[in-house]
Amino acid sequence: MSAGMQRSDEELYREMRRGDTGAFAELYERREPGLYRFALHMTGSPALAEEIAHEVFVQLMGPVARFDDAKGTVEGWMFGVARNLIRSARRKGPVEEPVDQPYVHDIVGGLIEDERHFALRQAIAELPEAYREAVVLCDLEERNYDDAARVMNCPVGTVRSRLHRARALLGAKLKRRAAAEVV
Amino acid sequence: MDCSSATENLVECARRRGTPGSELAAHLRGCGNCRERWEAEWSLTGELKALRQETASARMPAAARADLMSRFEAQGKVTPIRRASGMDRRWLWPAAAAAMLVVSVAVFRPFVTPAIQPPAASEEQTIFEADGYMPVPYAPPLAPGELLQQVHADLEPAELVSLGVDVDPTLNAELPADLLLGQDGLPRAIRLSEDNSTGLGEIQQ
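Chains as they are written, first to last, in this note's numbering: chain A, 1 to 183; chain B, 1 to 205.
Calculated directly from the structure, the hints in this document are not laboratory data. Just so you know, these numbers come straight off a predicted model, no measurement behind them. Virtual Cβ for every residue (Gly too), placed ideally from N, Cα, C. Take these hints with a grain of salt, some might be off.
Covered by chain B, per the in silico footprint, the following chain A stretches (three or more residues, Cβ under 8 Å) [to be verified]: (1) 17-26; (2) 29-37; (3) 52-60; (4) 115-123.
Computed from the model, here is a short list of chain B residues facing chain A with C-beta under 10 Å [unchecked claim]: (5) Lys49; (6) Arg52; (7) Glu54; (8) Ala56; (9) Met60; (10) Asp67; (11) Leu68.
Straight-line Cα separation of at most 20 Å, SDA-like style, residue types lysine to any residue; simulated pairs [to be verified]: (12) A/Lys71 with A/Val156; (13) A/Lys71 with A/Glu10; (14) A/Lys175 with B/Glu47; (15) A/Lys175 with B/Ser43; (16) A/Lys175 with B/Asn33; (17) A/Lys175 with B/Thr7; (18) A/Lys175 with B/Leu51; (19) A/Lys173 with B/Glu39; (20) A/Lys175 with B/Glu36; (21) A/Lys175 with B/Thr45; (22) B/Lys49 with A/Phe118; (23) A/Lys175 with B/Arg35; (24) A/Lys92 with A/Glu55; (25) B/Lys49 with A/Gln122; (26) A/Lys71 with B/Glu156; (27) B/Lys49 with A/Leu174; (28) A/Lys173 with B/Trp42; (29) A/Lys173 with B/Thr45; (30) B/Lys49 with A/Gly171; (31) B/Lys49 with A/Leu127; (32) A/Lys175 with B/Gly46; (33) B/Lys49 with A/Glu141.
Construct the entire structure; sequences and hints are all you get.
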C-alpha cells in the first residue's frame with residue numbers, strides 16, 4: 001500500500017475488530033510512541049507509563065469495544081483512556097520515580113542525564129496536571145492547539161492559556177533553581 | 001502594544017523560535033519586564049526542544065509489543081460481545097416492536113381466552129438473577145435448548161424503562177446495559193453495566 005493510501009486509525013480499528021492482526025500491529029506502531037511518551041512525561045515513571053500504554057491497547061482490543069467512532073477519533077479515545085488511567089494511578093499514590101533515579105536511562109538506551117534536563121523534568125512534574133498536559137502535548141509532543149484541545153477535552157483558548165501559564169510557572173521555577181545553585 | 005498583548009505574542013513567537021514583529025520588538029526595547037520574559041521564554045523553548053529530542057525515540061519495550069500481539073492473536077477473530085453502534089442498534093427497533101406485539105397480545109388476550117396464569121418463576125429466571133440480570137417483563141419463554149447471546153449497548157432511559165428497568169425516563173444520558181437475546185432476537189433479560197467508556201469501569205460479562 002502506498003503512503004498516499006495510508007489507512008486511517010478508524011479503518012485500522014474496524015479491521016482490527018474483525019481480527020486483522022496486521023491492522024492491530026499498524027495501529028500499535030502508529031500510536032504507541034506518542035501514547036507512551038505522553039504517559040512518560042505525565043507520570044515521570046517509565047514503568048507506570050508502560051503499564052498505562054499497555055492497558056490502553058488491552059482495552060482497545062478487549063471483548064467489549066468501547067470506542068464509538070460517532071463520538072470521536074481512535075486517537076482521542078486512546079488518550080482519553082490514558083488520561084483517566086494516569087489520574088487513577090495518581091489517586092492511588094505518588095507515581096513519580098525517585099528524583100535521584102533519572103528515568104531516561106532504561107528507555108533511551110543510556111542517554112546521559114544532564115542537570116539542566118533533570119531540573120526541567122522536575123519542574124514539569126511539579127506543575128498542576130492541567131498545565132502539565134498542555135506543556136507535554138503542545139511543547140513536548142508538538143501538537144497544535146486543536147489537537148491538544150481534542151485530547152484535553154477543552155476549548156482551544158483554554159489550551160493556549162494553560163500553556164502560557166504553565167510556561168510562566170516553568171520559567172519561574174527554573175529561575176529560582178538557577179538562583180539557588182549560584183548561592 | 002501593552003504588556004498583556006506583548007506577553008501573548010512573545011510566548012508564541014518564542015515557541016516558534018521566530019523573530020519578533022516590529023511592534024513587539026519596539027515594546028521589548030522599551031519594557032524591561034517583557035524583555036526578561038522574552039529571554040526566559042526563548043531559553044525555555046530551547047530546553048524543551050532538547051528534552052523532546054532526548055525522549056523522541058522512547059518506546060515501550062519489545063516484550064510489551066510481543067505480549068499485546070500474542071494476546072490479540074489468542075483472542076481470535078470472534079468478538080461476540082460488542083458495543084452496539086448507532087447503525088448496529090437498528091435491531092433494537094424491530095425487537096422493541098416485537099416486544100410491543102407480545103405486550104399487546106398479553107394485554108388483549110383476556111378478551112379472547114378466559115384466563116391467563118401468571119408465569120411461574122422458571123429456571124432461566126433464576127439463572128438470570130444469579131448473574132445480576134433482571135428478566136424482561138412479558139418476554140416469551142425460551143425454547144428448549146435455545147441459545148442466548150449477550151449484547152452490550154448504550155440505551156436511552158426510555159428504552160430501559162420499556163424493558164422494565166427502573167430509571168428516571170427524563171434522564172438526559174444513555175446508560176450502558178447488557179442484554180441477553182434469544183435466538184429470535186428478542187431481549188429476555190437485562191442488567192445495567194458499569195461500563196463507563198473511560199477505561200476505569202469494571203466490565204461485567
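Each hint tested on the structure:
1. A stretch counts as covered by a chain when three or more of its residues have a beta carbon under 8 Å from one of that chain; for the region 17-26 of chain A and chain B the count is 6, and the coverage holds.
2. Coverage of a stretch by a chain is defined here by at least three residues with a beta carbon nearer than 8 Å to that chain's beta carbons; for the region 29-37 of chain A and chain B the count is 4, and the condition holds.
3. Counting residues of the region 52-60 of chain A whose CB falls under 8 Å from any CB of chain B gives 7; the rule of at least 3 is met.
4. Only residues whose beta carbon comes within less than 8 Å of a beta carbon in chain B count, and the region 115-123 of chain A has 4; three or more means the coverage holds.
5. For lysine 49 of chain B, the interface hint holds, since its Cβ comes within 10 Å of a Cβ in chain A; the closest pair sits about 8 Å apart.
6. For arginine 52 of chain B, the suggested interface contact is upheld, since its CB lies about 5 Å from the closest CB of chain A, less than 10 Å.
7. At its closest, the beta carbon of glutamate 54 of chain B sits 6 Å from a beta carbon of chain A; the interface hint therefore holds under the 10 Å criterion.
8. With its C-beta approaching chain A no nearer than about 8 Å, alanine 56 of chain B sits inside the 10 Å limit, and its interface hint holds.
9. For the restraint placing methionine 60 of chain B at the interface with chain A, the shortest Cβ-Cβ distance is roughly 5 Å, inside the 10 Å limit, so the hint holds.
10. Nearest Cβ of chain A to the Cβ of aspartate 67 of chain B: about 7 Å, under the 10 Å cut. The hint holds.
11. The criterion of a C-beta within 10 Å of any C-beta in chain A is met by leucine 68 of chain B, whose closest approach is roughly 5 Å, and the hint holds.
12. Between lysine 71 of chain A and valine 156 of chain A the alpha-carbon distance is near 18 Å, which keeps this suggested pair within the 20 Å criterion.
13. Restraint check for lysine 71 of chain A and glutamate 10 of chain A: the C-alpha separation of about 12 Å stays at or below 20 Å, so the hint holds.
14. Restraint check for lysine 175 of chain A and glutamate 47 of chain B: satisfied, since their Cα atoms lie roughly 13 Å apart, inside the 20 Å limit.
15. A C-alpha spacing of about 11 Å is found between lysine 175 of chain A and serine 43 of chain B, which places the hinted pair at or below 20 Å, so the restraint holds.
16. Using a Cα cut-off of 20 Å, the hinted pair lysine 175 of chain A and asparagine 33 of chain B holds, with the two alpha carbons roughly 14 Å apart.
17. Between the alpha carbons of lysine 175 of chain A and threonine 7 of chain B the distance comes to roughly 18 Å, so the proposed pair stays at or under 20 Å and holds.
18. Taking the CA atoms of lysine 175 of chain A and leucine 51 of chain B, the gap is near 18 Å; set against the 20 Å cutoff, the hint holds.
19. The hinted pair formed by lysine 173 of chain A and glutamate 39 of chain B meets the criterion: a straight-line CA distance of about 15 Å does not exceed 20 Å.
20. Pair hint lysine 175 of chain A plus glutamate 36 of chain B holds up; C-alpha atoms about 11 Å apart against a cutoff of 20 Å.
21. Pair hint lysine 175 of chain A plus threonine 45 of chain B holds up; C-alpha atoms about 14 Å apart against a cutoff of 20 Å.
22. At most 20 Å may separate the alpha-carbon atoms for a hinted pair to count; lysine 49 of chain B and phenylalanine 118 of chain A meet this at roughly 14 Å.
23. Among the hinted pairs, lysine 175 of chain A with arginine 35 of chain B is consistent with the structure: their alpha-carbon atoms are about 15 Å apart, no more than 20 Å.
24. Between lysine 92 of chain A and glutamate 55 of chain A the alpha-carbon distance is near 16 Å, which keeps this suggested pair within the 20 Å criterion.
25. Under the criterion of a C-alpha separation no larger than 20 Å, the hint pairing lysine 49 of chain B with glutamine 122 of chain A is consistent with the structure, at around 16 Å.
26. Pair hint lysine 71 of chain A plus glutamate 156 of chain B holds up; C-alpha atoms about 16 Å apart against a cutoff of 20 Å.
27. Only pairs whose Cα atoms come within 20 Å are accepted, and lysine 49 of chain B paired with leucine 174 of chain A is accepted, the gap being roughly 15 Å.
28. Restraint check for lysine 173 of chain A and tryptophan 42 of chain B: satisfied, since their Cα atoms lie roughly 15 Å apart, inside the 20 Å limit.
29. Straight-line distance between C-alpha atoms of lysine 173 of chain A and threonine 45 of chain B comes to about 15 Å, which keeps the hinted pair within the 20 Å bound.
30. Among the hinted pairs, lysine 49 of chain B with glycine 171 of chain A is consistent with the structure: their alpha-carbon atoms are about 15 Å apart, no more than 20 Å.
31. Of the pairs offered as hints, the one joining lysine 49 of chain B and leucine 127 of chain A holds, with about 18 Å between alpha carbons and a cut-off of 20 Å not exceeded.
32. At most 20 Å may separate the alpha-carbon atoms for a hinted pair to count; lysine 175 of chain A and glycine 46 of chain B meet this at roughly 15 Å.
33. A threshold of 20 Å between alpha carbons decides the hint, and for lysine 49 of chain B with glutamate 141 of chain A the separation of about 10 Å falls inside it, so the pair holds.
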